[in-house]
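Going by full-length UniProt numbering, 180 is the number at position 180 of the sequence shown; the sequence numbering is gapless.
Wrong hints could be hidden among the right ones.
[As the list claims (entries may be wrong)] Straight line, CA to CA, 20 angstroms or less: simulated DMTMM-like cross-link-like pairs of lysine to aspartate or glutamate:
| id | residue 1 | residue 2 |
| --- | --- | --- |
| 1 | Lys-670 | Glu-75 |
| 2 | Lys-16 | Glu-45 |
| 3 | Lys-171 | Glu-121 |
| 4 | Lys-234 | Glu-34 |
| 5 | Lys-531 | Glu-683 |
| 6 | Lys-593 | Glu-34 |
| 7 | Lys-97 | Glu-683 |
| 8 | Lys-237 | Asp-255 |
| 9 | Lys-401 | Glu-363 |
| 10 | Lys-234 | Asp-257 |
Read the hints as simulated data drawn from the structure, not as lab findings.
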Amino acid sequence: MIKENIQPPKAKKIAKELSMHGDTRNDNYFWLNERENPEVVKFLEDENDYNEKMTAHTKQFQVDLFEEMKSRIKEDDSSVPYKLNGYWYYIRFEVGKGYPIYVRKKETLEAEEQILFDCNEMAEGHPYFKLSGLSVSPNNKMISFGVDTVSRRNYTIQIKNLETNEILPTKIETTTGGSTWANDNKTLFYTRKDEETLRSDKIYQHILGENSDDDILVYHEKDETFNTFVYKSKSKKYIIIGSSSTMSDEYQILDADKPRGQFKMFQERVRGVEYAFSHFEDHFYIITNKDEAQNFKLMKTSLDKTTSENWEEIIPHREDVLIEDMDIFKNYLVLGERYNGLNRIRIMSWDNQEDYYLPFDNETYTAYTGTNPDFDTNVLRYGYNSLTTPASVIDFNMKTKESEVMKEQAVQDPNFNKENYLSERIWATAEDGTQVPISLVYKKGIQRDGSNPVLQYAYGSYGHTTDPSFSTSRLSLLDRGFIFAIAHIRGGEYLGRNWYESGKMLSKRNTFTDFIDCSKYLIEQKFTSPKHLYAMGGSAGGMLMGGILNMAPQLYNGVIAAVPFVDVVTTMLDDTIPLTTGEYDEWGNPNEKEYYEYMKSYSPYDNVVAQDYPNILVTTGFHDSQVQYWEPAKWVAKLREFKTDQNKLLFHTNMDAGHGGASGRFEALKEVAEDYAFILDLEGITK
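Using the sequences and the hints given, assemble the complete structure.
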């Protein structure tokens with residue numbers, strides 16, 4: 001219920017007609033995209049003020065939740081060291097500090113520690129700070145790194161001399177933050193972004209000690225639907241320039257010993273053909289969907305004949321197994337696969353003597369290969385966790401088959417026992433008969449009588465799969481009686497590549513209806529009821545939230561939409577906005593009438609109508625480069641105008657942050673506490 005005497009802000013209406021394909025849309029809140037307009041800033045601040053007043057009664061609860069979640073995290077923690085080129089590298093944290101410290105030790109873990117970067121010192125004076133793209137030169141003497149202090153994923157690359165600890169005066173602006181060294185220890189390749197669209201479009205070559213203004217443009221990706229990037233092969237033999245769109249890949253290679261040479265085309269882009277490769281001895285090994293291998297297959301080719309007519313098949317396409325990635329070692333090839341929604345790690349020896357899978361015995365879990373930069377080792381590092389099992393880092397000897405748990409995530413709560421929780425996977429039937437999996441976790445002893453609060457989460461775009469993983473912060477919901485549900489809806493790749501294809505472009509509505517059908521199933525099976533069901537999603541998952549709010553608002557008591565992509569048609573028609581042109585293969589190009597009409601049929605902003613909506617919390621970041629702040633701002637303004645209920649509609653803009661929210665190890669937990677307090681308050685849970 002709206003609190004008496006506290007009135008929500010009312011955005012002014014300025015008529016704006018947007019016409020396309022003979023269709024005219026009226027957008028009264030279009031003006032909110034004027035970032036520099038003081039009236040826009042005032043509107044956002046008024047919404048923040050309203051949110052503060054409406055949640056004043058939960059402020060102490062938010063603080064308590066934050067402290068509770070923070071207390072479960074080991075403050076003086078460190079990552080498991082990995083060895084690269086004679087040094088052990090790891091990250092550690094200190095008590096009371098919110099940022100990591102990057103360190104290394106020479107040859108043995110007993111050696112003296114060398115601090116590479118103390119992000120706590122570097123972050124001082126910045127409301128946001130992110131270090132990215134660390135790359136050490138082959139002689140171990142230099143390290144390049146990227147820094148973002150605004151949260152627009154726009155990094156400045158700098159170089160540090162690891163012998164003198166001096167940061168060189170070179171500053172390379174508007175980059176992705178990533179860079180890679182040639183084998184001469186003085187040539188650095190990096191990726192620049194377009195200043196307006198922030199598309200990664202140019203690869204440059206920088207020579208150590210020279211003015212970065214004189215850097216050489218090596219490659220310019222002119223196709224606006226592609227992004228470009230540069231990296232070095234694990235074998236250290238090649239510098240590789242990649243160009244990728246949603247549906248196609250292209251790579252060029254250069255001998256890393258000859259950085260002044262010309263890049264050679266590996267295989268030109270072909271629309272619809274995706275591929276990635278690794279180098280081993282006298283062959284390249286390629287994962288590709290060539291020849292309609294929808295779930296991908298493994299091929300190989302010789303070093304001097306890289307074009308696709310020379311590729312030979314090693315592992316054929318399988319209808320029920322998706323190949324996701326590969327890792328190459330001196331004696332073994334390791335494949336990451338997905339079968340029936342679950343991760344598999346397959347290990348094959350080059351001498352064909354061994355071919356086996358790592359054993360996992362949970363009904364729903366997450367497993368993945370970890371940091372394996374060392375080529376000449378029989379030890380595979382992988383990660384494992386589940387909805388009930390904290391994350392483990394495991395070293396597995398592929399020869400002896402012995403494994404050692406290097407670290408299990410510590411849960412700093414004396415009352416925590418993973419045996420107190422249950423996870424399971426259930427299957428809902430979608431409206432077209434498709435079976436949609438749902439991963440659940442809850443505390444033992446819960447009765448299925450319709451009275452349980454459920455938080456249902458999903459993403460459902462770009463083929464991104466939300467794997468069922470452990471969360472220490474989620475315990476704050478589970479311990480208060482919540483069931484947490486991940487709906488593995490179409491648009492992700494949980495059940496293979498076809499699962500993604502049937503939730504994009506002109507099949508996008510399947511994503512929304514799958515989520516709704518999962519909600520109906522949870523209600524039907526008495527896990528919960530509409531009075532106790534909550535939904536949450538962010539970014540493209542925020543679009544999902546907007547879609548279900550328009551299509552089935554009666555199913556939910558509360559919905560959280562984080563950095564939501566909700567103004568789909570207008571954004572996709574504006575090719576000056578970051579990401580737009582590269583997204584045509586995901587959503588369709590609305591410059592074509594068929595896609596325009598389909599997109600308009602589900603675009604959350606365009607489909608707000610006069611009806612009752614549940615309680616809603618919307619969050620965004622003013623500097624977001626991926627979903628501009630004005631999308632949720634416009635959406636909230638329109639919802640305020642149309643909704644016919646007295647339920648809460650709260651909108652919080654972080655004026656210092658971007659798409660990823662607050663920086664720092666614990667600051668982000670304050671945003672989680674805000675989300676949790678919102679739904680717990682709606683459940684009448686106040687402590």
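Hints and how they fare:
{"no.": "1", "hint": "Lys-670 - Glu-75", "result": "holds (16 angstroms)"}
{"no.": "2", "hint": "Lys-16 - Glu-45", "result": "violated (24 angstroms)"}
{"no.": "3", "hint": "Lys-171 - Glu-121", "result": "holds (19 angstroms)"}
{"no.": "4", "hint": "Lys-234 - Glu-34", "result": "violated (45 angstroms)"}
{"no.": "5", "hint": "Lys-531 - Glu-683", "result": "holds (9 angstroms)"}
{"no.": "6", "hint": "Lys-593 - Glu-34", "result": "violated (28 angstroms)"}
{"no.": "7", "hint": "Lys-97 - Glu-683", "result": "violated (34 angstroms)"}
{"no.": "8", "hint": "Lys-237 - Asp-255", "result": "holds (6 angstroms)"}
{"no.": "9", "hint": "Lys-401 - Glu-363", "result": "violated (23 angstroms)"}
{"no.": "10", "hint": "Lys-234 - Asp-257", "result": "holds (14 angstroms)"}
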